[in-house]
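Novice: Protein chains in written order, with UniProt numbering: chain A, 1 to 342; chain B, 1 to 342; chain C, 1 to 342; chain D, 1 to 342.
Simulated from the structure, these hints should not be mistaken for laboratory data. Heads up, a few of these hints could be off.
Note that identical chains are pooled: a pair holds if it fits in a single copy or bridges any two copies.
What the hints assert, rightly or not - Below, in silico cross-link-like pairs of lysine to aspartate or glutamate (DMTMM-like), each with a Cα-Cα straight-line distance of 25 angstroms or less: (1) Lys54 <-> Glu333; (2) Lys56 <-> Asp270; (3) Lys56 <-> Asp170; (4) Lys186 <-> Asp37; (5) Lys54 <-> Glu121; (6) Lys54 <-> Asp270; (7) Lys186 <-> Glu163; (8) Lys186 <-> Glu82; (9) Lys56 <-> Asp37.
Protein chains: 4
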Amino acid sequence: MITVGIVGGTGYTGVELLRLLAQHTEVQIVAITSRGDAGTAVASMFPSLRGRLKLKFEDPASANLRACDVVFFATPNGIAMEQAPALLAAGVRVIDLAADFRISNVAEWSQWYGMQHASPEWVAKAVYGLPEYDRAAIRNAHLVANPGCYPTAVQLGFMPLLEAGLVELDHLVADVKSGVSGAGRKAEIPALFSEAADNFKAYAVPGHRHLPEIRQGLSRIAGGPVGLTFVPHLTPMIRGIHATLYARIKRAADFQALFEERYRREPFVDVLPPGSHPDTRSVRAANICRIAVHRPQGGDVVVVLAVIDNLVKGAAGQAVQNLNIMFGLPEGEGLRQLAVLP
Amino acid sequence: MITVGIVGGTGYTGVELLRLLAQHTEVQIVAITSRGDAGTAVASMFPSLRGRLKLKFEDPASANLRACDVVFFATPNGIAMEQAPALLAAGVRVIDLAADFRISNVAEWSQWYGMQHASPEWVAKAVYGLPEYDRAAIRNAHLVANPGCYPTAVQLGFMPLLEAGLVELDHLVADVKSGVSGAGRKAEIPALFSEAADNFKAYAVPGHRHLPEIRQGLSRIAGGPVGLTFVPHLTPMIRGIHATLYARIKRAADFQALFEERYRREPFVDVLPPGSHPDTRSVRAANICRIAVHRPQGGDVVVVLAVIDNLVKGAAGQAVQNLNIMFGLPEGEGLRQLAVLP
Amino acid sequence: MITVGIVGGTGYTGVELLRLLAQHTEVQIVAITSRGDAGTAVASMFPSLRGRLKLKFEDPASANLRACDVVFFATPNGIAMEQAPALLAAGVRVIDLAADFRISNVAEWSQWYGMQHASPEWVAKAVYGLPEYDRAAIRNAHLVANPGCYPTAVQLGFMPLLEAGLVELDHLVADVKSGVSGAGRKAEIPALFSEAADNFKAYAVPGHRHLPEIRQGLSRIAGGPVGLTFVPHLTPMIRGIHATLYARIKRAADFQALFEERYRREPFVDVLPPGSHPDTRSVRAANICRIAVHRPQGGDVVVVLAVIDNLVKGAAGQAVQNLNIMFGLPEGEGLRQLAVLP
Amino acid sequence: MITVGIVGGTGYTGVELLRLLAQHTEVQIVAITSRGDAGTAVASMFPSLRGRLKLKFEDPASANLRACDVVFFATPNGIAMEQAPALLAAGVRVIDLAADFRISNVAEWSQWYGMQHASPEWVAKAVYGLPEYDRAAIRNAHLVANPGCYPTAVQLGFMPLLEAGLVELDHLVADVKSGVSGAGRKAEIPALFSEAADNFKAYAVPGHRHLPEIRQGLSRIAGGPVGLTFVPHLTPMIRGIHATLYARIKRAADFQALFEERYRREPFVDVLPPGSHPDTRSVRAANICRIAVHRPQGGDVVVVLAVIDNLVKGAAGQAVQNLNIMFGLPEGEGLRQLAVLP
């Protein structure tokens, strides 16, 4: 059994990690920390876990995380960069679900996240954890930077086109829609039911923190700089991300075949038949990305539709997938739940 | 492996049965029928099943259901009573998710369901499939009448009180709220998003078809006739039933202890701590009933709150639980998924 | 023109008051206060008001509320009892949308609201503002205690039965469901979209603050003490209250005729035809209560279904109705908007 | 008083037209037709209208529409082209809310709508009814083709940029999201609550019927052909359209000033301050389009966000606005209701 610790388990990625790990046969959760809720039984905060998880939240100061094989950080940005280095030094492997180690350019990171980086040396050593692109590096990684939810959907959607060099790189458009759980379990007015229900809006059009992460990811896939307009939107559903991606065709090809071939052996990317429109509920609560590719009216624009559950393939599920790769387990272990529909 | 057939798999209880059975290690689905969609791949209608279920819908006329160990009917009312007897005669065991065999009094059934009963002799032989009350009889049953969604929640909520004889029987009130999936996957205007969203209403106050089923169930538990007012409501969520039950106290007792004791060994009933309010999402997509019992203001009324997922413990999950009991499998096989929260 | 001030306009009852008053031809809003948002244009916080309301929030200390004919308090509980007396002393009439002046028994109020009452003498002078029962007293009132949302629906639903003495008074049941806006515009986790959407729950079963208000209201209508079980629920919609009311029949009567006669001349209560089920959207954004009365299965229980928009007839609309009565305006002035459906 | 008839009043645009016209002081609805529901009181189908509208649906054959000053067609596509010409010949003015007269190129219309056009001569005489562009022509029009919901939002959003010639015309992108009421009040499975709630999807990416209408509209504004990729999406809300528009900048300018100037005198277009993100609820139930314009990261792409209520400014409200223009009434008559928020 692989022993697992979780730092910061009271948010939505935390409880989702618990849901998945509690159904994983090869791991044992030995500690979960929360500064504010130390002493509280996890299942009393999240009744969905009653009868299946006996743990209590522990104070971070006293939890014996160094005895774990691997520790997940499901914390706000800026925590892992402070606390992970000591664990890493003690030989514990770390998967950070926050953004601390995702951006190679530390100065750029500081600018977008509004703080100095506490551990630039580990930024250089961290492996970006998108299994469909980084699988080999993840296997031996000590520190995995688990991708953001928007970046996962956008990179998986554009990847085959960029790798094959078929589209213009200077004017990519990613119009992406997220469920409200992406905003986290934080008491803030814009995320109230009465604000977000029966409503739709774009936000952060001048610049969203996932922009540099996506741009970095697309650039390394394309092998050169990309021009990207990224507009995130809030849509009144709990889970789900729908990326609608637009690129101008540089060289026509059989896009359907390209996508199918690229993802043929990927267990968690599903290319739909021609003419399809994936809906977010087809991946609800499941660790999978479903993709369709279109060339509307036979024109010179290719449109890709990619959906994920932001809390699973966009966060906790991908983190478990990375754990499986890091420890040589079957990649699907703990991740075989089917989507919940309706 | 137990071989399973499904008659009528295009509705919500059908797709939920597929989701659960596809994750069940001891069964193999060998046939699924649909008159209207014969030839269609199941996964093309329900993309959530892509990659996990290869079956196509077959025409009921040609499907070899007699070779199955057990056949589920996930059909509209009135189908199973026509088709199940031939299968039963051939030694196939049957679990009917519709209402055909739930009401012992055939005349009463005919009145509420508006048709003559085609198989009254099998009504007499059928076993009502509420495991928490009927487990022993289910083991050897050939034909199980799987309880309705409202009746499951109301019976589990009232059961300890009625068995112990602690409440007045003449004025029970069951005020129950259901998600819209309870109305089925039928193209009808009242179930449209634009009709049902951001809206709440009671319906069928003069008399709902589940009334005789609930009354019959409560009467056999209480050992005598009960007076029941049952008001169902439609609430703007997909899944979930919340029963709010009111009874006048005849003899005071430690209701909390009573409920905990009654359900101590039940794997799929969870009694919450005193003062709790179960929410439907704590059972979303999981085969469990969570219950809380209150005595507001220390008065002479006991209030029970019981929640289930109408498609799981209220339909397909309970049907799988019955299958497990019928075939001597561990009762939780295929039913261990945790609730999806948020 | 009647000059109006609003204390505390940043919550949902505040913005709803603004929506209604901005469409009222006989009033002029001259001041609106907010401690935290002084200086902010109201329309920049609530873009729905852009182009129609020029006001800025003012600091309560500097706003000239004494020059108003009437001041609304749309504040948390405990503010009006501190600030209203000075205005009243200056001859300003006051309508309090909070609970400060609703409960005659000051000790009971203190117990439920957890604070000492700052102005018990004004509690005695306040008029409870349910127009259908208190119209005459409202006309000359200096201080109107605008009823709570739950209390409005429950009192209007039970009123004809209690006035006519047709039901047993000792075991009334009010099972009431509210949209999430009833929780106010406060940053609290349980009101987050990801917590409240696709979910249903009861809350405060041991005792909700509206219980004493409802009990007091029903008692004065019935002319004696009543026994009431009140269970509020949270339902995933923005606006709307649905009260399902149960009473044992003491003396049978033509309940339909009784309700129609009682409310025949009420402009804002609509009794539906026999067999109806009002839905909350039929009153969405409108100042009206729609009611249906049933006697299920011809039994000895009467069931009343009453719906209101909690922000309109349950708060701001009723407050404007009270203003109209107080100042001798047509009672429907500013309140003639039709419900928004779908 | 202007006498008004409505053909086909049982859909969502129909009931919205009734809501608005019932609050309009200068018109009288004298007839409303429905083949299937003749004889039914309108208010019994739509209880939101109870007490405010006495009309019954009439059979189209017997309704005296020729006596009306103006007739609205709120019918499925293909009805107005059959029935409007006789009314027009009798001197009745007609506003068609369907698509029959929107596309000048009759052959193109036939291809997209899958039927022969019954009245090509009236296509040539019809005036497209986008007041912000066509006001002068609308004044004297006999037949107004009321724009579609998507086309209204997209044209208003792109209009200032195209008129000023500031953007590349060959690769415009319109990524547009609609509430489910846009699908109409039709009993179809994809519009069921349990299908559309908590879900998000694109649809009709290969080609949506509004594509030729939008392309035609943008081309006449731009004064030449445009290349457009249009992707509509279904979002789980009842009302609202959010258009996210992307264009490559040909010549930089002060876009904010451009938009403000263009719409300064438009009563129903509201340009938000720089940096804003309009949400659909800010126009819920109101006849207004709110717009924000962005130039993300100071790059070479301009992003416009435009929101409308699809049933109001995208259908019934715009139709009433056109009526006001046609009959010389104040343009805002009957359209001054404020948006309902929350």
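Novice: Now, for every hint given, state plainly whether the structure supports it.
Specialist: Results of checking the hints against the structure:
Proximity of Lys54 and Glu333 under a CA criterion of 25 angstroms is satisfied in both settings, with 22 angstroms inside one chain copy and 21 angstroms between copies. For a Cα distance limit of 25 angstroms, the shortest separation of Lys56 from Asp270 across copies, 19 angstroms, qualifies, whereas the shortest one inside one copy, 37 angstroms, does not. For the identical chains of this complex, Lys56 and Asp170 are neighbours neither inside a copy (50 angstroms) nor across copies (45 angstroms), given an alpha-carbon limit of 25 angstroms. Taking the shortest Cα distances, Lys186 and Asp37 sit within 25 angstroms of each other both inside one copy (15 angstroms) and across copies (22 angstroms).
For the homomeric pair Lys54 and Glu121, neither the shortest alpha-carbon distance inside one copy (37 angstroms) nor that between copies (49 angstroms) is at most 25 angstroms. In the homo-oligomer, the alpha carbons of Lys54 and Asp270 lie at most 25 angstroms apart only across protomers (15 angstroms), although the nearest pairing inside one protomer, at 35 angstroms, exceeds that limit. Taking CA atoms no more than 25 angstroms apart as the test, Lys186 paired with Glu163 passes in neither setting, with 38 angstroms inside one copy and 44 angstroms between copies. Proximity of Lys186 to Glu82 under the C-alpha cut-off of 25 angstroms is restricted to the intra-copy arrangement: shortest distance 22 angstroms within a copy versus 32 angstroms between copies.
When the C-alpha separation of Lys56 and Asp37 is checked against a cutoff of 25 angstroms, the pair qualifies only within one copy, where the shortest distance is 9 angstroms, while the shortest distance between copies is 40 angstroms.
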